[in-house]
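Student: The listed protein sequences derive, respectively, from chains A and B.
The numbers in this note's numbering rise by one with no breaks, and the one at position 98 of the first sequence is 108.
The numbers in this note's numbering rise by one with no breaks, and the one at position 88 of the second sequence is 91.
Keep in mind that the hints were calculated from the coordinates and are not lab data.
Check the hints yourself; a few may be wrong.
What the hints assert, rightly or not - Here are some chain B residues the structure puts well away from chain A; computed CB gaps all over 12 Å:
#1 Ala-12
#2 Pro-19
#3 Glu-26
#4 Gln-45
#5 Arg-55
#6 Trp-68
#7 Glu-69
#8 Ala-72
#9 Ala-141
What the hints assert, rightly or not - What follows is a set of in silico ranges between Cβ atoms, one per label pair, in the way DEER data are often shown:
#10 A:Gly-51 <-> B:Asp-114: 51 to 59 Å
#11 A:His-197 <-> B:Lys-125: 49 to 57 Å
#12 A:Met-11 <-> B:Gly-48: 45 to 53 Å
Every residue, glycine too, gets a C-beta built ideally from N, C-alpha and C.
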Amino acid sequence: MSIKGKAYVAGVFEHPTRDAPDKTTAQLHAECARGALDDAGLSFDDVDAYFCAGDAPGFGAMSMIDYMGLKNIRHMDTTETGGSSYIVHLNHAAQAIAEGKCQVALITLAGRPRNGGGRPGPGRGGGGGGGLSDGAPEQGFESVYGGSTHNTYGMCAMRHMYEYGTTSEQLAWIKVAASHHAQWNEHAFLKNVVTVEEVVNSRMIADPLHLLDCCVVTDGGGAVVVTTPEIARSLKRPLVRVLGAGEAPKVQQGGRGLDLTYSGAVWSGPKAFEEAGVTPADIKYASIYDSFTITVLMQIEDLGFCRKGEGGKFVADGNLISGVGKLPFNTDGGGLCNNHPTNRGGITKIIEAVRQARGEAHPKVQVPNCDLVIAHGTGGSLGVRHGSATVIMEREA
Amino acid sequence: MSDTTERPALMSRPLPAPAVTLESKPFFDAAAEGRFLIKRCQACGEAHWYPRTICPFCHSDRTVWEESAGGGVIYTYSVMWRSPSGPYAIGYVTLDEGPAMLTNFVDVAPDGLSIGMRVKVKFQPTEGGAPVPVFAPA
Numbered sequence: 011m012s013i014k015g016k017a018y019v020a021g022v023f024e025h026p027t028r029d030a031p032d033k034t035t036a037q038l039h040a041e042c043a044r045g046a047l048d049d050a051g052l053s054f055d056d057v058d059a060y061f062c063a064g065d066a067p068g069f070g071a072m073s074m075i076d077y078m079g080l081k082n083i084r085h086m087d088t089t090e091t092g093g094s095s096y097i098v099h100l101n102h103a104a105q106a107i108a109e110g111k112c113q114v115a116l117i118t119l120a121g122r123p124r125n126g127g128g129r130p131g132p133g134r135g136g137g138g139g140g141g142l143s144d145g146a147p148e149q150g151f152e153s154v155y156g157g158s159t160h161n162t163y164g165m166c167a168m169r170h171m172y173e174y175g176t177t178s179e180q181l182a183w184i185k186v187a188a189s190h191h192a193q194w195n196e197h198a199f200l201k202n203v204v205t206v207e208e209v210v211n212s213r214m215i216a217d218p219l220h221l222l223d224c225c226v227v228t229d230g231g232g233a234v235v236v237t238t239p240e241i242a243r244s245l246k247r248p249l250v251r252v253l254g255a256g257e258a259p260k261v262q263q264g265g266r267g268l269d270l271t272y273s274g275a276v277w278s279g280p281k282a283f284e285e286a287g288v289t290p291a292d293i294k295y296a297s298i299y300d301s302f303t304i305t306v307l308m309q310i311e312d313l314g315f316c317r318k319g320e321g322g323k324f325v326a327d328g329n330l331i332s333g334v335g336k337l338p339f340n341t342d343g344g345g346l347c348n349n350h351p352t353n354r355g356g357i358t359k360i361i362e363a364v365r366q367a368r369g370e371a372h373p374k375v376q377v378p379n380c381d382l383v384i385a386h387g388t389g390g391s392l393g394v395r396h397g398s399a400t401v402i403m404e405r406e407a
Numbered sequence: 004m005s006d007t008t009e010r011p012a013l014m015s016r017p018l019p020a021p022a023v024t025l026e027s028k029p030f031f032d033a034a035a036e037g038r039f040l041i042k043r044c045q046a047c048g049e050a051h052w053y054p055r056t057i058c059p060f061c062h063s064d065r066t067v068w069e070e071s072a073g074g075g076v077i078y079t080y081s082v083m084w085r086s087p088s089g090p091y092a093i094g095y096v097t098l099d100e101g102p103a104m105l106t107n108f109v110d111v112a113p114d115g116l117s118i119g120m121r122v123k124v125k126f127q128p129t130e131g132g133a134p135v136p137v138f139a140p141a
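Looking at chain B on its own, in the form it has when it is part of the complex (with noise of 0.2 Å):
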């Protein structure tokens, strides 16, 4: 794998389709109409991530897909520059609806992001395959 010292304005990175599998496929059916869902489990009340039809916390298979604005706040970055598509930056958001997801981070600099930071949903298109949720300034 090549390295990279270039230090672009704005990242992004082309990203692979994701796996989609019959538990997920409504979320990315809805990611390719730019709507993001996440579940809520009607039993406990409580919002959890990655969507799953059984609730984590309470096991109920009560659990139903809810839109979510997609906001949220950077709980952790990480820009890696060994990548032979550019630097490209991995993270978590914590969600204004309390779970944390992993993403990635796009039209930012690598310098312009920090712990903390606002930033907002968007849909990237994917190889071949359905869009998948990544953040940016919000």
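Looking at chain A on its own, in the form it has when it is part of the complex (with noise of 0.2 Å):
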């Protein structure tokens, strides 16, 4: 496939400032963005692909995104090469258009230099003298009040138990499924196994999570290599390949209608089995980003392997446990006991998924027939803006 003629320029906007000393760059960059799209003549909520730079504050694309009110994105690039970023994403859009991903890709830049907004970013001053930053426009909003991923996530648990009816000991089962698979695993970082009692009693972190609801801190890392079926097949391992992905920020929208009960796996999710051409029943084994175990239990229900605010009794007695519930998970041990590198957990995800669907998990774990696996990851914070990233893979006979 090339993207040749699969993609088209529709809009464009060079601002007219040469000197801004009176705006923010997150400003300059929802300026540039609203002039291209009129040049278009589309409008914000056309857009469903974000492309950025560095020069975008604050994290990632979500900054930005959150502080454009973009609220269809389910495609987004950071890809940083310097002044040519923005070229390079503009084949990134190609490519991503011609795939289907998306339809209408923003690619927009924009700084101060001369009003001493250097390299924009959290902490940085540069805001045109007298003290002002220049950096995440959420920034001064939000860092203050003492966020961290413990208490962020915690509120998305207390927000789940007082709607649903969650409870402390259903979020401790899925501690103890991990702790039944970390058990096998000579790197595990925790190898232990743990009861619902010992989770529940643990000390308490941030309301309603305790010690034993939290992730592992790890040092270490993880790779990943992704080639051609030609190449593959000249190979001399299992064939794994790619059927779907799908991939969105969940921001604050403004503040309106927060609801912290959910994650973006809600449109993650269905975009990865959509394109696979699989449903959730068809899974044989899931690797569910586990930071927490709120953020296994928002996700497995967002994914739609039950409904939603079932999750707490969908995870009970067992059900995430290998050979013993009906949704195997995270048989490496997962981030809650095994491993959870540099705080990023997402790679750890897709390197269990291989395992299993190529039958190399440990033999204790191994799922029987493991033809279709999913890896599916949440990135930043569950309640305050993160990136949901879903993977669907199949072993090919």
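Fit chain to chain and form the complex, with the hints in mind.
Tutor: Written as structure tokens, this is what we have:
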């Protein structure tokens, strides 16, 4: 497949300013976006893909998606190659459009080097004097409040319990299942099998999450190699092909209709299942991001493994334990017990899903006939703004 | 980071100075005078949070500052126990004007919070910066 003729540049805009002492970098991004969309005759709501580089203040693409009120984003790219980034983005946007991943891609650039806004970012100065910041636009309204992963995920668990009656004991079953798997992993950071009682009696970290509701902190890393069908068949490894993928940000949408009981998986999951042509009932093994027990529970609901609000019942009584329950998950022990290298668990989610699809997981946790697997992650904060990503893979016979 | 096991009667926490931008400066200037401002769009009529120049709903730049009484209800919260300065509560308040905002809860015991509780804004001094909005039981 080629991008040749598959994508069109519909709108462009060059900001008329050459000196912007009275505007933030975020505002300039938004004004440029509006100018290009106006030129195209499209609206912000038509945009389903957003591309930016290091000049965009804040957390990857998420801060600007939030600031600009982009609510239909299903594809993101923050490739950084310096000044050429936007030409790379055009190429990547054309690829994404050619593949049907998106239909309207927005690429923005803005900055204020004449006014001290050199390389904006969290905590940076450069707001044009007077001690003003030109960093992430949300920073002054968020970072002062001491949000960490623990307590911002805790807020989600608290609301989920309030709305659906989810209990700490139900959440604890997720850790229990992970620990049953980790006991067989010689590299697991925590190998001891724990009980529901041990989880709920561990000390409180951020209500209602206990110490054993939290993932481990580990050094380490991982890597993945992706190739063509032809090269894959020339190699001596089991064939695991990508069937479908989806991605989506979840941001605060101007504070309107805040709902912390679901994640961006409600968008990334269906995209992946649709492309793969399979349903949650077909999945044999699931790698589900487990920064905290609540992360797993919400994502299982959002991916469609059970109905919204019924995640507590679904994960209880060992339903996630390989060989015991209906949805074997994180058979390496996951982030809760095995590994969460540099606080980024997405790559280990892919790796264990590939092991399962190859039939190379530990024999004690290997799912029989494991020909269809899912790997899903949440990055950032479940309770503030995050990026969700789903991939479905198949073992080729 | 050390943990605490003490349960204080009322929570409070020293706060760092907020990062103030050109767009948020009017908010923090008003905060220094004890006034709580939100932004509303004159084109679509909607109030939003956090305040910005361009409306996140209709993308008009006809947004204006509006003084709010700062009343609302707790949408959710979490008391953070892993804190060297003692436990503190983070959460979201749904303002009476509609938008929800991230904040801290003060002047309340760790077990004194509940979802749906009415709260009211107050301003807490920060370390060398503008005061920031926090909420206490109404």
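Student: Now tell me, hint by hint, if it's right for this structure.
Tutor: Hints, one by one, checked against the model:
{"no.": "1", "hint": "Ala-12", "in the structure": "holds, 17 Å"}
{"no.": "2", "hint": "Pro-19", "in the structure": "violated, 6 Å"}
{"no.": "3", "hint": "Glu-26", "in the structure": "violated, 5 Å"}
{"no.": "4", "hint": "Gln-45", "in the structure": "holds, 15 Å"}
{"no.": "5", "hint": "Arg-55", "in the structure": "violated, 6 Å"}
{"no.": "6", "hint": "Trp-68", "in the structure": "holds, 14 Å"}
{"no.": "7", "hint": "Glu-69", "in the structure": "holds, 14 Å"}
{"no.": "8", "hint": "Ala-72", "in the structure": "holds, 17 Å"}
{"no.": "9", "hint": "Ala-141", "in the structure": "holds, 19 Å"}
{"no.": "10", "hint": "A:Gly-51 <-> B:Asp-114: 51 to 59 Å", "in the structure": "holds, 56 Å"}
{"no.": "11", "hint": "A:His-197 <-> B:Lys-125: 49 to 57 Å", "in the structure": "holds, 50 Å"}
{"no.": "12", "hint": "A:Met-11 <-> B:Gly-48: 45 to 53 Å", "in the structure": "holds, 46 Å"}
Hints 2, 3 and 5 from the list above are not met by this structure, while the remaining hints are.
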